[in-house]
Amino acid sequence: MIKHYFIAACAAVMSLSAFTAAAQSNAAAPSADQQLVQRGEYLAKAGDCVACHTAKGGKPFAGGLPIATPIGTVYSSNITPDKEHGIGNYSEEDFDRALRHGIRKDGASLYPAMPYPSYAKVKPADVKALYAYFMQGVQADPAPNRGVDITWPLSMRWPLSVWRKVFAPAVAADGPEDNSPLVRGQYLVEGLGHCGACHTPRGVGMQEKALSNDSSQFLSGGVIDGYLANNLRGDARDGLGNWSEADIVAFLKTGRNSHSAAFGGMADVVANSTQYMTGEDLSAMAKYLKSLKAVKEGTAALAYDDKTHQALRKGSDQSPGAMAFLNNCAACHRSSGKGYEETFPTLALSPTVNAENPASLIRIVLEGAEMPWTHKAPTQFAMPGFASRLSDQEVADVVTFIRSSWGNQASSVNASDVAKVRKQLPEKKTVEAGSAPLAKQ
Amino acid sequence: MAIKKDKVDVVMVGLGWTGSIMGMELTEAGLNVLALERGDMRDTNTDTPYPKAVDELKYSVRGALFQDLSRETVTIRHTLSDVAVPYRQHGSFLLGDGVGGAGFHWNGMMYRNLPEELEMRTHHEQKYGKKFIPEDMTIQDHGVTYKELEPFYDFSEKVMAVSGKAGNLKGQIVAGGNPLEGERSDEFPTPPLQYQYSASLVEKAMRDVGYHPYPAPAANASQPFTNPYGVRIGPCNYCGFCENYGCYMYSKASPQTTILPVLLKRKNFEVRTKAQVIKVNLDASGKRATGVTYIDAQGREVEQPADLVLLTAFQTHNVRLLLLSGIGKPYDPVSGEGVVGKNFAYQYNGGINVVMPKGTQFNPFIGTGAGGVGMDDLNADQFDHGPLGFIGGASIRHVRYGGRPIKQAGTMPGEKVPNWGSEWKASVQDAYQRTLTIGMSGSVMAYRDCYLSLDPTYKDANGQPLLRMTLNWKENEGKMLTYIAGEMEKVGQAMNPEKVVKAVRKTGSSWDTRVYQSTHLTGGAIMGTTPKNSVVNKYLQSWDVPNVFVYGACAFPQNMGYNPTGLVTALAYHSAKAIREQYLKNPGPLVQA
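Read top to bottom, the protein sequences are chains A and B.
Each residue of the first sequence is one higher than the one before, counting from 1 in my numbering.
Each residue of the second sequence is one higher than the one before, counting from 1001 in my numbering.
Treat the hints as calculated values from the structure; they're not laboratory data.
These numbers were taken from a predicted model, which means no experiment stands behind them.
Among the hints, erroneous ones may be present.
Unchecked claim - From chain A, some residues computed to sit far from chain B (all C-beta separations above 12 angstroms):
1. 103
2. 146
3. 152
4. 356
5. 370
6. 383
Unchecked claim - Partner residues are not named here, just some residues of chain A that face chain B (Cβ under 8 angstroms, in silico):
7. 331
8. 335
9. 389
Even glycine gets a Cβ: it sits at the ideal position worked out from N, Cα and C.
Chain B extracted, bound-state conformation (with noise of 0.2 angstroms):
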């Protein structure tokens, strides 16, 4: 017998970022708000200290901020005619939780997009043709412009204390930030984070080839700020330790750091941990969300209802519960019809070592998590595609991470050395202080044959399918990356260094999901114009059931080159205002089919 709690105005799916963000934007309109979060409470005084939040074992190699995958994980296959099986351990992508979810232990890269990349479509048939995509490319716009969203990135970034410099302010390009930017209203809130040695050498190496290198801009505040909701960011203290740890400066952007200081103590809002939401429950229709049933902490199945209903979880989370709610139809990819699960993309990266003289001291401890140069021109469609027979481009920077001893103290790069011993001592003591990488984050377009689903056979703990990944790496992502890495190759060799080494997958190769790349997985639930193309419109909301929006990166049609929260955080503030604005007013479809 289920239990049933009192209703409230808006139940949210997961109080990570655009569960804090909506939170706090529909309690502000006076709305009663409950987020389920299936993790714990999460808080930077109680959980990341310092020192015990400095600990590599803990935190990076058993990761104890990420999901547990014992209870619930995805299953994953590269084709059609694969059985997908489950993923075990974590490898490829590293799945958040808790409080703050993934926002709490990310790195901190905090982009916009290029104008271009919010209507792939449009652009690239009107510059280059309509043939020039692939049939199988199902790549679409966005549904909304780079415009519409601008102030929406710059309220995000203001929240976030993001560090950086402008480089087109109001259509004037300023010197000292990236040119190729798309026009900003305002500066950025706080200034760049200092470029480590490393980051001064390829900054030069960039200019001298002729590109234009800026400060990556970073969500690790360079100094202290008080953002739009009175809550104080801390300053950056490039400790080395940010990617996959909570910041105990205070000064990564988390949800914990930007809002919950405020959220948290408001009246009219409720967060329940340990909740994990097994359903959206539909009325007799189906055209109408009553509320959410979650599991409590007791194991027992409760039911909330609502009249509006979030889903503020992460992408594959979001996706599957849709599937699991019989929201919207899913995808086929056979008969290329339905759309919940369609698009599914992710990130194709590269690197480019770069082996400076010995001697060089880098000191590679010192690092940040987003901090470094960066450069656009090879990024979106920055450059002439025409006679290069692909689609898109990467996100190019060097930031120096950390130089952490378990994982971050390499070999030689380019040279086969054993895994322990004497010899793997002498190439480690070889490489700390003279390497570094330049980053190639690269887009991935959309695939027909690329999806997620119900896996047909693994549950998890509460019987439920987990969400199956249909991906694999396609020719056009390999060859992209393999022209991109070549043209950054003159970038190393510019360094004078000893030697550079390149470390890009063969195009052809298959997604190994052992090792890691990042965490930008997208689509499942796109954003588009029409219910014919995509599961939400651009205030993402759900063309079958008005009242269920779907937030997070779940919403790209593909993935861009940069990292993805930017876009997420801004959708989810332009989604905000026209709830509050008009769906509050006259609850119904704010786009019309």
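So here's chain A without its partners, still in its complex pose (with noise of 0.2 angstroms):
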């Protein structure tokens, strides 16, 4: 309990304070050991591996967590200090080689579901500090590993090694420390961030199709568990272009802003991870992000257009995607499509909308979403879904409807695309099933 408070407590001041090494000058400061582990335990909320590494209901990082793969279903490992189950007798460099090599102690690859491609950027001084958090931060928990439900011979681990050396890329070494804002930025999205592993498309081997900026596919938008995670680059219609840094930020504090809101597996990201980054850090990602050009350059960004309001107003639409648009989405999103700031996001001009792949907007109309539970927003607005009162052609009509209106302009969508998602949804997920942080403040 005291120990709890404590890393509490200092989750609490670290949220004030720049983190270099540098920068402590508290008065009564921990001992060099303790600072260790509580920069250990910032960098592995940055790295959210809470997230994986527990089971729903499970004791964090004991692991245990269905993971779904293209050949079958992984479960993560128990990473608490454990001497029998977890990885309490890891070595620091058996800790690296896991982390940022993707190799396990017993020298079997990992599956990439661990995104250590990514955390290969992580630099040596880092993963010091994530070892000491996990060996002496983190409470011991018996939860024993779970073998992976995958049907022999896809089940042979030969093959993860030649994606390994095929496609992850080698370690960073530690440099001069460069704390300016672009390349903390760019260290904390390619690496601990994790961002591509949702955010980049892959290719034909499952990985992530750039790993950094030295191709316009980096974080261009990717496919995951049947959302399409943005697009993250300076497109103005479906990317960040209309975003600034502060929206950016305010998104990645508290999953929303004046344009969006958190969803799917981000609303998780949101309440595990970043919403307990720094301010700086926060600012350092969004001008990382702000730098990333557009995919497709030269398309001029979307206006609003009133039109749609007006005739929703007086009645002039009776089309059924207007009708279907009044009668389930109207109070929240209004006649106008802009919503209510910070509350119900807008449909006017969302990058969600207006993304030419309608997988995510889809799969919200039909199972509704949540925003995630942040200490400065606690309020977690949730739209309902409506997959049991619209069909597949009705679900069609409206988000038809939607993404031709108010000056969006995303091609429009049929009732056999809504058959599709709808095949996927997860068996009856609730709303309430929602993103609260796996610990209690």
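Got two chains here, separate frames each, mind docking them using the hints?
Here you go:
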């Protein structure tokens, strides 16, 4: 109990100060060892280890979360310092080999569900801190590791070492400390943030098509868990072109801003990871993201068009899509399509709405979505799912309507597009499953 | 063999409005706080998303959010010579249940007090003479003034994002608000809800007759608002499914929309649901509570030790728990001795139905819980009672709650229409778009023979005696509302209607518990200046057992015309401050008897 308070108190302190070794100036400063553990805890939050390495209702970092892969299900491992089932017997070198090289202590290659190609960019000094945290700052738990649910011959592991040798980059070295925002932002986005694991499209070998900004594929949008993880590059229509750095920081800190709200996996990321990062680090990440050029340069930004709003108010649009919108959506998203700031997201000019791939949009209409819980914005505004209320055709109508109203310019959607998404929905996921941090505050 | 849990600093009985407020305040002070809620967890996202929430049959007719009366109810009788019988169906009042309590599905009418209402005895004796108050009318001062409570009314409004317009801001009368209100230190957090068409007509008529209408203060936020706890409240959508329903727009203030998103995540806060407290435990001296005993979901008896016991359940349950636990002397209406159960009061309502000419289109389905137009000219002692021969007044408001098909599609007022068939349909069609009601929510004074006690016969599912209500309407309230209705009829007539039909009880009629009136049941654990005249002091601390505090409208020595939640929350915050700043440093009586 006391340890928890201590760690929580330290987390509170950390969120106020820049996190470099030089900046520790509190009067009653923790020992150097404790400092390292605290730094490791912060970095573990940035890396969002807890999200994959904790089962629903399980103890933190004790593993057991099922992760779908194209060949079957793998289960995350126990990374608590338990000596029998966790990594209690790992040396720092063992830890580093797993984290950044993708090699388990027994020599087997890890499934790339573990984003070690991203973590390869983490500097050794930070690895040291992470190791200290996992050895000393995490409560040991004896939860046994679960074997993979993959049928032979797909369960053979040697192809994983082939994959690793082909696709994993060289690991980073400690270098001169450069905390200028763009450099720091790049370090966090490409490394611990592992944003590309969701936001970068993957190739035939399931590898991220780019691990850094040497190609415009980097962070140009990826499909994960049936959602489209948005394009994070400078495109105005479906990327971050219209977002300011402050918008991005607000989004990462609270899961919402005047343009959008976090949904799907990103809601969990905000809840477990980015909400705990310092304002400085988030600003650095925002700066870096804003430096990414558009995928399709020269595309004009969209402009708001009030015609739809007027037609809905007058009742002059009686098409199925318009009527479905009024009956199901307008209460929150309004006939203006603008929603309410930081409450119900805007549909007008929304990157999610205007993305060419309508996967997320259809999924949200069917399943609903819930904003994450964050310290700064604890209200988890939720949208109900309409799967049981709207048919495939009705969903197609309303989504097409939304994608062509208020200045939005995105392709129409048909009933079979909807049916495909509906089929992939996990069973009985209710909005209440929600994204709240896995541990109490 | 009872299970014994680890001690906590604070145990609270019930997690509704006052439990949520005290939970926030005391966890902030660093204490370990445990809330025991007999009902289920309730959450907007899980329980009342759109369109599930909008189900009149489920929520208004079958009362899905209300207390299950088959397990526990109250017994009711009119006079001391009657035998009380169980209230077997929800009618006159609607008892809440679950986390959030009735705060999850109330209308959101959120008023402060007119200053004189907190000093009823002193004020009336000074103004009208000592003989003006009848002997059997046991009204008294609250023991706290409006000025003392002002900052706490203000904070409550901010937590709830109440919509309205100030009329008396720092002593200056401001246009657009209520010029008769007590002085406010700040404006409302969100602007008034828009008037529906019917409200704009009523407002004009009120003004024409010479009254001072103002936008009714509503805990239905008119726009999104982030409250002092960082919790964001949503905008009201005028959907017309407010009272009896959870709000899917996050706009009706409830513990869920204003406090619980922060409180539930605090490490030093815990809530156990399906935990029905059956007793507050006292030590051998009877002057100190050691904790409570509750029945858990498995039906087992559990002892929960605590240093501080807060009764934060509804008025009826708090009083009952005091009686069951032997805290304070039960009131005896015959001898007049004792205080627990004394001064039970209610709300005396009536309406002026106005039927406008054919062709009027009110679109009554555009509704809110509390938005509309109100006036206080005939409330409390805002008018000269000298020649009138009664005490009290009414909070008058026209609020359009909705035009729901089952219970709000009424027949033409003033006509005898069958309950079904073609005549019924024709009448509903005729009335729906062109009728409105101006509601009069009348105060109810306290009387010697209106009180709460334990029933001698009937028991709940746990074998404990039910709470017994002894109450009937008195001539004072009858005269009061008859007078006010007469005045308000003029307002109705000023609207150029087709007709005006008054709906006011005949003075002398008995309380009909089958018909819904209001859930503003008050008293039984009243506050006051001495242990002789009250159960709790101005900080809601029990005079008898100083580590027990009792919250809610059970503290009201008599009931006012306004809805109670404003005073309930202000008193809670006022008490919280005293606990944090005084009691915790020096546990013991906060007021010397």
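Hints and how they fare:
no. : hint : in the structure
1   : 103  : holds, 38 angstroms
2   : 146  : holds, 30 angstroms
3   : 152  : holds, 42 angstroms
4   : 356  : holds, 29 angstroms
5   : 370  : violated, 6 angstroms
6   : 383  : violated, 8 angstroms
7   : 331  : holds, 5 angstroms
8   : 335  : violated, 12 angstroms
9   : 389  : holds, 7 angstroms
Checked against the numbered hints given earlier, the structure breaks hints 5, 6, 8 and satisfies all the rest.
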